[in-house]
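Enquirer: With these hints in hand, go ahead and build the complete structure from the sequences.
Listed here are the chains, written in short residue letters.
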Amino acid sequence: MRSMRQGIGMAMMAAAFLGAVLPLTASPCMAADKEPYKIGAIFSVTGVGSFLGEPEKKTAEMIAADVNKNGGINGHPLELVLYDDESDTTKCNLNFKRLAKTDKVPVVIGPSRTGESLAVVGVAEDMEVPVITCASSYKIVTPIESRKWCFKVAGSESDVVGKIYDHMKSKGITKIGVMCDSTGFGASGKEELVKLAPEYGITIVADETFGPKDTDLTPQLTKIREAGPQAIVNWSIGPTQILAVKNWRSLKMDSIPMYQSHGFGNRKNLELAEGAAEGVLLALARVNVGPLLPDSQPQKPVIMAYKKAYEDLYNEPVSSFGGHAWDSMNLAIAALKAVGPDPAKIRDFVENTKGFVGQHGVFNFSPTDHGGLSKDDLEMVVVKNGDWALAQ
Amino acid sequence: MDFGAGWVQYLFSGLTTGAIYALVAIGYNIIYNVTEVINFAQGEFVMLGGLMAVFFVGTLHFPIPAAFVCAVLTVSCVGLAMDRFVLSRARNKSVLSLIIITIAVSILLKGAAMFEWGKDPYTLPPFTQGEPITIFGAALQLQALWVLGIVALVVVLLSIFFHRSMYGKAMLACADNPRAARLSGIPVRQMVLLSFLLSAGIGAAAGAVITPISLMEYDRGALLGLKGFGAAALGGLGQFFGALAAGLFLGLAESFCAGYLSSGYKDAVALLLLLMVLFFKPEGLFGSREAAKLKRF
Numbered sequence: 000m001r002s003m004r005q006g007i008g009m010a011m012m013a014a015a016f017l018g019a020v021l022p023l024t025a026s027p028c029m030a031a032d033k034e035p036y037k038i039g040a041i042f043s044v045t046g047v048g049s050f051l052g053e054p055e056k057k058t059a060e061m062i063a064a065d066v067n068k069n070g071g072i073n074g075h076p077l078e079l080v081l082y083d084d085e086s087d088t089t090k091c092n093l094n095f096k097r098l099a100k101t102d103k104v105p106v107v108i109g110p111s112r113t114g115e116s117l118a119v120v121g122v123a124e125d126m127e128v129p130v131i132t133c134a135s136s137y138k139i140v141t142p143i144e145s146r147k148w149c150f151k152v153a154g155s156e157s158d159v160v161g162k163i164y165d166h167m168k169s170k171g172i173t174k175i176g177v178m179c180d181s182t183g184f185g186a187s188g189k190e191e192l193v194k195l196a197p198e199y200g201i202t203i204v205a206d207e208t209f210g211p212k213d214t215d216l217t218p219q220l221t222k223i224r225e226a227g228p229q230a231i232v233n234w235s236i237g238p239t240q241i242l243a244v245k246n247w248r249s250l251k252m253d254s255i256p257m258y259q260s261h262g263f264g265n266r267k268n269l270e271l272a273e274g275a276a277e278g279v280l281l282a283l284a285r286v287n288v289g290p291l292l293p294d295s296q297p298q299k300p301v302i303m304a305y306k307k308a309y310e311d312l313y314n315e316p317v318s319s320f321g322g323h324a325w326d327s328m329n330l331a332i333a334a335l336k337a338v339g340p341d342p343a344k345i346r347d348f349v350e351n352t353k354g355f356v357g358q359h360g361v362f363n364f365s366p367t368d369h370g371g372l373s374k375d376d377l378e379m380v381v382v383k384n385g386d387w388a389l390a391q
Numbered sequence: 000m001d002f003g004a005g006w007v008q009y010l011f012s013g014l015t016t017g018a019i020y021a022l023v024a025i026g027y028n029i030i031y032n033v034t035e036v037i038n039f040a041q042g043e044f045v046m047l048g049g050l051m052a053v054f055f056v057g058t059l060h061f062p063i064p065a066a067f068v069c070a071v072l073t074v075s076c077v078g079l080a081m082d083r084f085v086l087s088r089a090r091n092k093s094v095l096s097l098i099i100i101t102i103a104v105s106i107l108l109k110g111a112a113m114f115e116w117g118k119d120p121y122t123l124p125p126f127t128q129g130e131p132i133t134i135f136g137a138a139l140q141l142q143a144l145w146v147l148g149i150v151a152l153v154v155v156l157l158s159i160f161f162h163r164s165m166y167g168k169a170m171l172a173c174a175d176n177p178r179a180a181r182l183s184g185i186p187v188r189q190m191v192l193l194s195f196l197l198s199a200g201i202g203a204a205a206g207a208v209i210t211p212i213s214l215m216e217y218d219r220g221a222l223l224g225l226k227g228f229g230a231a232a233l234g235g236l237g238q239f240f241g242a243l244a245a246g247l248f249l250g251l252a253e254s255f256c257a258g259y260l261s262s263g264y265k266d267a268v269a270l271l272l273l274l275m276v277l278f279f280k281p282e283g284l285f286g287s288r289e290a291a292k293l294k295r296f
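If you're matching them up, the sequences are chains Z and P in order.
0 is the number of the first residue of the first sequence in numbering that gives the first Met the number 0; add one for each residue after it.
0 is the number of the first residue of the second sequence in numbering that gives the first Met the number 0; add one for each residue after it.
You can take every hint at face value.
In the DSBU-like style, the derived pairs of lysine-lysine whose C-alpha atoms are separated by at most 30 angstroms in a straight line are:
1. Z:K299 <-> Z:K353
2. Z:K307 <-> P:K118
3. Z:K90 <-> P:K118
4. Z:K353 <-> Z:K307
5. Z:K267 <-> P:K118
6. Z:K299 <-> Z:K168
7. Z:K138 <-> P:K118
8. P:K118 <-> Z:K383
9. Z:K90 <-> P:K109
10. Z:K344 <-> Z:K90
11. Z:K267 <-> P:K109
12. Z:K299 <-> Z:K383
13. Z:K194 <-> Z:K147
14. Z:K170 <-> Z:K194
15. Z:K103 <-> Z:K138
16. P:K118 <-> Z:K306
Everything labelled a hint here was simulated from the structure, so no lab data went into it.
Expert: Written as structure tokens, this is what we have:
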């Protein structure tokens with residue numbers, strides 16, 4: 000057993016090495032007489048961001064194969080030129096330059112993470128190649144004057160916070176306690192929580208911090224309880240978000256509703272919390288809760304189609320991260336279909352795209368908004384009987 | 000909420016966390032006493048203990064007591080192998096080189112755990128099912144009692160072992176003076192092996208017992224190891240009761256700091272305490288100044 004696993008490990012390492020050296024081209028050779036259309040892609044397939052890059056790569060490859068099976072884009076076969084940035088900003092930057100100069104792609108999708116994305120936005124501007132990243136930071140698309148060629152398909156944290164605050168307002172909650180981890184994720188979440196609170200008439204009565212590897216959060220929760228809030232928001236990633244729920248439950252604080260960040264939106268967290276997560280609220284993109292959506296929801300058909308195709312092909316559940324690759328890939332394909340492989344025209348096309356129905360929302364780009372999403376593209380979800388349910 | 004409940008809650012939290020620091024610190028001390036090596040892979044033993052227990056319960060469906068024992072035994076063997084196949088090959092090198100080798104082993108163990116278990120955290124069912132007990136308005140998880148119980152048991156057993164049994168006395172003799180110990184017929188090599196076996200096992204016990212409370216994943220070892228080392232240094236390297244007291248003290252300091260000062264500075268307070276002690280009483284709170292002068296580290 001173990002030696003087999005080790006064998007797989009070795010193979011993975013070898014594959015990762017090869018991945019760094021060779022581009023992973025996904026398109027099968029097609030006997031087409033038309034020149035292939037290229038889409039460049041950079042994802043963090045290995046390294047710390049691999050949980051993002053892996054489903055993104057699989058999704059992009061699946062879509063490319065599907066497009067080619069159905070006759071390509073206007074008869075042109077689609078060639079996906081995909082590089083792995085190994086979750087490394089320098090490699091990401093080099094890969095982008097290689098895509099633009101050597102592979103001469105007219106549009107790039109990815110990178111997966113904010114750090115890598117910020118490492119390529121400047122190059123994209125200089126080389127005038129449109130880039131549609133899968134990362135969420137608002138810094139990727141602001142200030143808009145110096146982000147002419149940059150777009151993002153992942154929702155902003157301010158939207159998530161806005162959605163949560165809307166829900167609190169509807170429940171008459173005005174006093175909240177906030178706890179965040181000390182990583183970049185927790186810090187930027189806290190920034191948005193503090194910044195947006197006055198706008199929604201919410202007062203933060205307790206503000207606690209913890210480390211990403213902490214083993215016990217009861218001191219933080221006890222302190223929050225003493226401040227007497229009507230709700231608690233926990234903003235962290237990794238095991239502490241489960242720890243927060245477990246401690247919250249064992250301190251018998253479940254009369255105070257707990258909101259989690261969108262980072263909690265993984266079914267695995269529900270298993271690990273072992274029932275302690277009942278009643279936890281969070282704002283999630285619709286791709287995570289496809290089957291729960293009413294049939295009248297415009298996104299439902301695309302989400303269900305993607306879910307079925309992905310789960311049939313790879314035998315693993317879809318993730319919201321793969322959804323980002325779906326959105327960026329299909330935006331790029333729509334642009335190629337409409338205007339052909341011309342970077343400037345693709346940029347203009349994406350910037351003027353309205354009502355594009357994707358996995359993470361209905362995108363409405365504009366010359367002042369290169370993100371295209373709003374808080375209305377999120378759904379408030381509650382944990383019920385060990386599964387997600389739409390919150391009232 | 001009244002002031003009292005918070006106070007008791009911080010106390011419980013601090014004692015539980017501190018007990019784990021104490022177990023890690025005791026693990027450092029056992030190896031340090033016999034070899035003068037500070038084994039920086041100690042935190043990885045804790046991580047491995049937790050993940051092994053998950054493996055025995057989750058994959059092999061062992062009952063929890065059996066899984067606990069098996070996890071401790073497996074990790075003890077890892078500790079044994081670490082000494083037998085890695086450190087003993089470099090026995091003639093300086094203590095500093097050996098310490099650097101332990102860092103390498105810790106990276107290796109962490110990487111191996113990542114390949115085996117992936118990056119996701121894992122959990123274990125609590126050893127006893129049941130609602131938390133409420134004492135003075137503060138909630139105490141039943142698993143926390145197990146943590147404290149196992150720490151107490153380890154401390155008692157170790158004291159008996161070191162003061163009553165032949166092996167324990169022989170190990171202490173190696174610590175006092177390895178050359179004299181060898182001359183009087185004590186197999187020093189075996190004692191070193193035994194020290195690695197013991198401290199890996201104690202680390203694993205700590206890991207298995209906190210996993211139901213705090214979950215466990217492949218890269219948790221480093222921070223636990225660091226805090227445990229802090230406790231060991233604070234209590235005076237090599238002092239068992241010093242390690243116990245300093246571990247609990249460190250846990251309580253963190254917990255009360257999070258409660259009454261700022262949770263953001265919690266880790267800083269622990270390290271600040273450590274720095275203060277190292278500046279003003281470098282042999283640790285419970286160490287002897289004269290003994291410290293004779294040590295190389």
